[in-house]
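> Spelled out from the first residue to the last, the chains are:
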Amino acid sequence: MSSKSPFILMSLALFLAVAIILATGMGFLAIAPLEVIQVVWAKVRGAGIAAGINPTFPFVIMEVRLPRILAAAIVGGGLAVAGAVFQAILLNPLADPYTLGVSSGAAFGASLALVLGIMGITVPLLFSVPLFAFIGAMTTLVVVFALAAPDGRLSSNTLILSGVIVAAILSAGIGFIKYLADEQVGVIIFWLMGSFVGKTWSDVTLTAVFVFPGLLLTLYFARDLNIMALGGRTADTLGVDSRKVKKILLVCASLMTAICVSVSGIIGFVGLIIPHLLRLVLGPDNRLLIPACFFGGAILLLTADTITRAWLPTELPIGVLTSLIGGPFFCYIFRKKQLGQR
Amino acid sequence: MAVAKNNIHTDLLFAISKGCFAYRTNNVLLDIDLDLVPGQFYGLIGPNGSGKTTLLDLLTATRPLQSGQIMFQGKALADYAKKELAVKIALVPQQFAMGFDFTVSDLVLMGRYPYIPRFSNPSQRDLDLVDEAMHVMQIHTLRHRLITDLSGGEKQRVVVARALAQDTEVLVLDEATSNLDIHHTIEIMHVIRKLVRDQGRTVIAAIHDLNLAAAFCDQVIVLKEGRIFTTGPVGEALTADLITEVFQVQAEVQAATLNHSPRIHYTLS
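Sequence order for the protein chains is A and B.
When you read off a place in the first sequence, starting at 1, and then add 31, the result is the number in the numbering used here.
When you read off a place in the second sequence, starting at 1, and then add 539, the result is the number in the numbering used here.
Since the hints were made in silico from the structure, they are not lab data.
There could be a bad hint or two in this list.
Restricting the straight-line Cα-Cα distance to at most 20 Å, the calculated cross-link-like pairs of lysine to any residue (SDA-like) are [what the hints assert, rightly or not]:
| hint | chain 1 | residue 1 | chain 2 | residue 2 |
| --- | --- | --- | --- | --- |
| 1 | A | Lys-275 | B | Asp-618 |
| 2 | B | Lys-627 | A | Gly-270 |
| 3 | B | Lys-627 | B | Lys-733 |
Now the stretches of chain B that chain A is said to cover, found in silico as 3 or more residues with beta-carbon under 8 Å [stated by the list, open to error]:
| hint | stretch |
| --- | --- |
| 4 | 643-653 |
| 5 | 752-759 |
| 6 | 769-782 |
From the three backbone atoms N, C-alpha and C, an ideal C-beta is built for every residue, glycine too.
Bound conformation, chain A alone (with noise of 0.2 Å):
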């Protein structure tokens, strides 16, 4: 780990903070930056707020934008985390969060919870949609290692393979299941589309209470996942119990991808872009790519969330914009490589 690690560490981190401050002043009523961080450490401190200060900016700053802003942050932060620990496991660079299937899973979940809401039968839709989306990922998941299971080495080719039958059975499901909502697809296909309108805080503290210790625990292994990719039976022989940290590490990634997905839709792209960006800037190495991808995954999901936000006359699904943005501009900065490489 080189000795500039901390501080571009730190560098993203004070992006991030300043991004968050910034995002959160812009809307419909618009309010200054200074006057959101006065609003911010007065509630922090239990304190009244200032006079001077519009008395509905409080309402907005911590019960509307705050928290849908966080939860866009830490979403964008986990899917960028648990990308990164896809790519370092399989060995391939172009793997993401939705290799294993775990998002068709959540998405069959939560097109079963919709229909039952539409045909009638059902709890209350806001609280059974991301459950029944993250019992479909945790499902996905256990079927696709079952699967996977009887190659001892659980190696990339075999998760992949097993990723790709369980998600092309499960989107037959999708499919079967908008047929079964007939006009009111509509609602299904929106879900699936991924969007942060209307988190509060408790989708704020979920997503957190999954994705922080996750992203603590990859930490703790990224030295690990350096070494294996030299190769499982060369790591085995450096003293890394390369299977262990993959179960371990494949279970905690799922689980972070999961969570997001239940609490946000399906939002490509952050995944998948962050992790290969990040490496090609920053190198290789896990235990700064890693970290950083927190921070990059948050702040583009959080941009991203704010332009539909807060830019755009109406609401676009979150999950197109990143790709309509991100896509691009891979495509340049890819190009670039190439063609430096050269």
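With chain A's structure known, arrange chain B on it following the hints.
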């Protein structure tokens, strides 16, 4: 057994008794009895599918034995912690695919992993050993290059340097030179040979090229169909009859002279 007879009073490095391993249909090893002493260059030879890689996996404890026992320095191999073994046995694999662009020196430094505590930086000694390994393998000038940009031969030298930096008593090579041109093959074999001669390390190398084995090894271990066919010093064990029987080719062995190691010629029937 020849090896044990010659060195009956020496402490054994490895002692395998009644070792069996079966994985699906191939990679089978049956009733392996094998004693290895320190300070020797062992060549492991045998046809494809005779179980060479599996035997190396057992010795490096990357696969568990299914029955029987392997003792390493007087203690059951299975009782060692992975980290304990990592400072005693290093592996140079045959194939090396690296999708991530670490620099050459980063990669060689990975050999020091078992010595560097988690969340710590490498010590001066770690860096010195990495330097030395890169010099020995003549990749010092490539140190800042990305591993993904190197040629096959350069990559393999990096992998050997990584194992040298691990600084272990035992070095296990799984056809480590079979993707290299003859120049680099001989160069690597000379380096390995020197480790055995000058530093008393033990090398166990699976080798396809019989002449290479004859030129550099002290002892050969011959595998056929998952069993040990024979073991012994190169000059005694590598006979024309043995090669014919194990590899199904007509062979002729030119005995070693003062200036030449034994030479083997073979033709298909």
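> Look at each hint and say if it fits the structure.
Structure-based check of each hint:
Between the alpha carbons of Lys-275/A and Asp-618/B the distance comes to roughly 18 Å, so the proposed pair stays at or under 20 Å and holds. Distance restraint check for Lys-627/B and Gly-270/A: the Cα-Cα separation of roughly 10 Å lies within the 20 Å cut-off, and the hinted pair is therefore satisfied. Our distance criterion of 20 Å between C-alpha atoms is met by Lys-627/B and Lys-733/B, whose separation comes to about 18 Å. Counting residues of the stretch 643-653 of chain B whose C-beta lies closer than 8 Å to any C-beta of chain A gives 6; at least three are required, and the coverage claim holds.
Check on the stretch 752-759 of chain B: 0 of its residues sit with their Cβ under 8 Å from a Cβ of chain A, so the three-residue criterion for coverage is violated. Counting residues of the stretch 769-782 of chain B whose CB falls under 8 Å from any CB of chain A gives 0; the rule of at least 3 is not met.
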